[in-house]
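Q: Read in our numbering, the sequence shown has 42 at position 42, and its numbers run on one by one without any break.
Please note: incorrect hints may appear among the correct ones.
Unchecked claim - Okay, derived cross-link-like pairs now, DSS-like style, lysine-lysine, Cα gap no bigger than 27 Å in a straight line:
| id | residue 1 | residue 2 |
| --- | --- | --- |
| 1 | K174 | K243 |
| 2 | K256 | K174 |
| 3 | K87 | K127 |
| 4 | K206 | K195 |
| 5 | K106 | K87 |
| 6 | K106 | K96 |
| 7 | K206 | K174 |
| 8 | K87 | K76 |
| 9 | K174 | K216 |
| 10 | K78 | K96 |
| 11 | K216 | K124 |
| 12 | K174 | K195 |
| 13 | K132 | K243 |
| 14 | K216 | K243 |
| 15 | K243 | K256 |
No wet-lab data here; the hints were simulated from the structure.
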Amino acid sequence: MLSESSSFLKGVMLGSIFCALITMLGHIKIGHGNRMHDHKHHHLQAPNKEDILKISEDERMELSKSFQVYCIILVKPKDVSLWAAVKETWTKHCDKAEFFSSENVKVFESINMETNDMWLMMRKAYKYAFDKYRDQYNWFFLARPTTFAIIENLKYFLLKKDPSQPFYLGHTVKSGDLEYVSVEGGIVLSIESMKRLNSLLSVPEKCPEQGGMIWKISEDKQLAVCLKYAGVFAENAEDSEGKDVFNTKSVGLFIKEAMTNQPNQVVEGCCSDMAVTFNGLTPNQMHVMMYGVYRLRAFGHIFNDALVFLPPNGSDND
1 MLSESSSFLK GVMLGSIFCA LITMLGHIKI GHGNRMHDHK HHHLQAPNKE
51 DILKISEDER MELSKSFQVY CIILVKPKDV SLWAAVKETW TKHCDKAEFF
101 SSENVKVFES INMETNDMWL MMRKAYKYAF DKYRDQYNWF FLARPTTFAI
151 IENLKYFLLK KDPSQPFYLG HTVKSGDLEY VSVEGGIVLS IESMKRLNSL
201 LSVPEKCPEQ GGMIWKISED KQLAVCLKYA GVFAENAEDS EGKDVFNTKS
251 VGLFIKEAMT NQPNQVVEGC CSDMAVTFNG LTPNQMHVMM YGVYRLRAFG
301 HIFNDALVFL PPNGSDND
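Construct the entire structure; sequences and hints are all you get.
A: What follows is the structure in structure tokens.
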């Protein structure tokens with residue numbers, strides 16, 4: 001009897017391991033059955049200032065007006081202090097920003113997704129944004145409440161990118177055969193990518209609501225799987241020197257790392273001058289970032305920026 005029980009338990013364990021491996025392999029290889037899209041990883045770079053200066057002043061003004069960024073922030077009630085900080089700081093610089101919450105929260109206005117599942121929240125938020133704003137905005141930026149974003153730098157980075165092309169960019173990470181944009185640094189989709197994603201949300205075999213049977217994969221990986229079927233691939237965003245502009249860590253952590261690894265070049269070794277995002281911030285750090293980016297001024301020093309991105313009408317941004 002004991003040997004039979006032992007054999008039974010071994011069979012159950014082996015069966016579970018086999019199922020887990022099949023599920024994992026399914027996630028890693030998914031999207032590769034169709035080789036129509038043979039894609040090599042791209043490193044998308046921001047435009048050089050010299051290139052922008054070649055454009056006439058009138059054309060630059062038209063360009064700066066043409067960029068409309070809609071911001072999606074995914075929140076939960078436990079994020080309420082971060083929620084408040086994000087609302088009071090960088091989201092004022094979006095052309096429109098809306099918060100998508102897992103449930104109703106009385107103290108802040110938000111769109112209730114009625115789920116705690118981050119992937120379902122992301123899917124619903126993207127569908128809502130596309131259905132309501134597809135004719136108003138050409139770029140869609142999604143972030144968590146721990147992220148601080150400099151929207152003007154995002155617009156500058158996108159300046160020479162065509163939103164009618166399938167752009168999906170941020171800080172890329174590789175997991176097996178899957179390359180995806182990490183939600184920790186923020187995710188940018190062009191309107192064309194939004195169209196393609198929206199067409200797949202109702203096709204469960206290509207863009208399922210739920211992940212694997214044994215365990216779930218993260219929402220940013222799920223998004224990459226869906227977009228891959230639509231021929232939209234993750235692109236790493238960098239400045240003209242090759243430094244990442246979408247960052248998954250805070251400025252403080254980057255500086256500590258630079259002091260350890262490059263003590264003679266702390267500033268140069270830390271971050272890009274035109275960084276778009278930093279992540280892992282507390283509410284107080286959000287306000288400190290706001291002070292450093294938008295409020296601190298050196299009198300007598302004039303910045304000769306080639307472009308000016310004006311705030312949206314009625315905005316009380318800094």
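Q: Going through the numbered hints above, which ones does this structure break? Give me the numbers in ascending order.
A: When the structure is compared with the hints, numbers 13 and 14 turn out to be violated.
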